[in-house]
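In the order they appear, the protein sequences are chains A and B.
Residues in the first sequence are numbered from 1 upward in steps of one, following the numbering used here.
Residues in the second sequence are numbered from 1001 upward in steps of one, following the numbering used here.
No lab work stands behind these hints, which were simulated from the structure alone.
A couple of the hints might just be wrong.
A partial selection of chain B residues facing chain A, derived with a Cβ cut-off under 7 Å [stated by the list, open to error]:
| hint | residue |
| --- | --- |
| 1 | Val1095 |
| 2 | Pro1099 |
| 3 | Leu1110 |
| 4 | Ala1111 |
| 5 | Glu1114 |
| 6 | Val1128 |
| 7 | Ser1131 |
| 8 | Pro1134 |
| 9 | Asp1139 |
| 10 | Met1147 |
| 11 | Ala1151 |
| 12 | Thr1152 |
| 13 | Phe1215 |
Every residue, glycine too, gets a C-beta built ideally from N, C-alpha and C.
Protein chains: 2
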Amino acid sequence: MKKAVILVSGGLDSATVLAIAREQCFETYALSFDYGQRHRSELVASANVAKAIGAAEHRVFKLDLTGWGGSALTDATIAVPTSSVPTEPSAGIPVTYVPARNTIFLSLALAWAETLGAIDIFAGMNAVDYSGYPDCRPDYIAAFQAMARLATKSGVEGGAITIHTPIIKMSKADIVREGTRLNVDYAMTVSCYQADANGLACGVCDSCRLRREGFAAAGVVDPTRYG
Amino acid sequence: MKKAVILVSGGLDSATVLAIAREQCFETYALSFDYGQRHRSELVASANVAKAIGAAEHRVFKLDLTGWGGSALTDATIAVPTSSVPTEPSAGIPVTYVPARNTIFLSLALAWAETLGAIDIFAGMNAVDYSGYPDCRPDYIAAFQAMARLATKSGVEGGAITIHTPIIKMSKADIVREGTRLNVDYAMTVSCYQADANGLACGVCDSCRLRREGFAAAGVVDPTRYG
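Produce the entire structure from the sequences given, and follow the hints as far as they go.
Okay, here's the thing in structure tokens:
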């Protein structure tokens, strides 16, 4: 069985990606980050998701990204935007963007993959809902993959390192349908930017809004636990 | 004054790069990593170097890379190679290679640069002495730079993020000459892979050997404090 590292945040998107990797017969190594995010209940959710979907191992890597500041997700002085003031792609890069976050996460996934002897990394970037985030776009992923193939021992010694982003072009409804087909239990996932300690969602942030609209459009009952 | 983030390890190479960035009139933000390396006295050295060369700020970012294993620099069960068994480029990738290390470090530099509003990053990779390390080669640096320009808010909004590697093609003797011209006090730098707690070098590891040969070839008195 081929090994793959999967970035798992505890949210709906990455849970779906983990299920897709499992369906493709990868032995999955789930990687989450304790980076000082507001929504720390996602770490509990990520452990539950990894276990439920059958990851061979789940690791939480600790690094403190709050010191840089600059994002609503790590800086308590910047408010998380809510549905009343939606963050549209046309409005530019959202305040919930964390500087270089996906690059840092993918780099750490690359390190773990190399020590596992894996050349496959799965991640839940989505360019439809997160078009305002530079590090969620297909051309960014392609550039990261090209860099990764030059950066590492495994890349140099012949393995074609591949960054799989199977949901990058899907709508939220498509993602919900795909995960439902794969029996993902979305009740255990937390997408909210400011979920409480018990994982209850606020229901009003951008992420909650996108998620709720996704279930509605997919015609799937929304199992989200709102606070 | 333009700001730049400089990766500073406390060694000879990065001290020289910091001095070069200062000569180019950058306001320098020195970044070091406490990643579980054997040679922890380099963290003391990096603080001394940053202060002596005039960095505006010096930060030590903590993240634990020992959990992955796979490198002599972070895994106590793997021996550091010594001059008696030199690691030649022809021998492949050295055991002192840390998986994806430079990619992780550059990614974190990118995050700090973005929050500082800087688009310049300096790093001391060298492809002459470290030709066996995939992440020290010019084509890797070019790929990282291309990725960084797509990854970030600053890259997207018009700044041409640049990864400066001014010593990448220099011999160790050239680096010593350049640093000597710039009045770098190499006595405070630590290059040894297994320096003791006081920063005294072992004198026999690959890094010590390269450094000593560099001073000899440059005709500069070697100020290294050997144990």
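Hint by hint, here is what the structure shows:
Using the Cβ-Cβ criterion of 7 Å, the hint placing Val1095(B) at the interface with chain A is not satisfied: the shortest such distance is roughly 11 Å. Among the interface hints, the one on Pro1099(B) holds; its C-beta lies about 4 Å from the nearest C-beta in chain A, closer than the 7 Å criterion. Here the hint on Leu1110(B) is kept, as its CB sits about 4 Å from the closest CB of chain A, short of 7 Å. Here the hint on Ala1111(B) is kept, as its CB sits about 4 Å from the closest CB of chain A, short of 7 Å.
At a threshold of 7 Å, the smallest CB-CB gap from Glu1114(B) to chain A is about 4 Å, leaving the interface hint in force. The interface hint given for Val1128(B) is violated, since its Cβ lies 18 Å from the closest Cβ of chain A, which is over the 7 Å cut-off. Checking Ser1131(B) against chain A by beta carbon gives a least distance of about 11 Å; that is not within 7 Å, so the hint is violated. Hint on Pro1134(B) holds. Least Cβ distance to chain A is approximately 5 Å, under the 7 Å limit.
With its C-beta approaching chain A no nearer than about 6 Å, Asp1139(B) sits inside the 7 Å limit, and its interface hint holds. Restraint check, Met1147(B) versus chain A: the minimum CB separation of about 4 Å is within 7 Å; hint holds. Using the Cβ-Cβ criterion of 7 Å, the hint placing Ala1151(B) at the interface with chain A is satisfied: the shortest such distance is roughly 5 Å. The interface hint given for Thr1152(B) is met, as the beta carbon of that residue sits about 6 Å from the closest beta carbon of chain A, less than 7 Å.
Interface hint status for Phe1215(B): violated, as the beta-carbon distance to the closest one in chain A is roughly 30 Å, over 7 Å.
Of the numbered hints listed earlier, those contradicted by the structure are 1, 6, 7 and 13.
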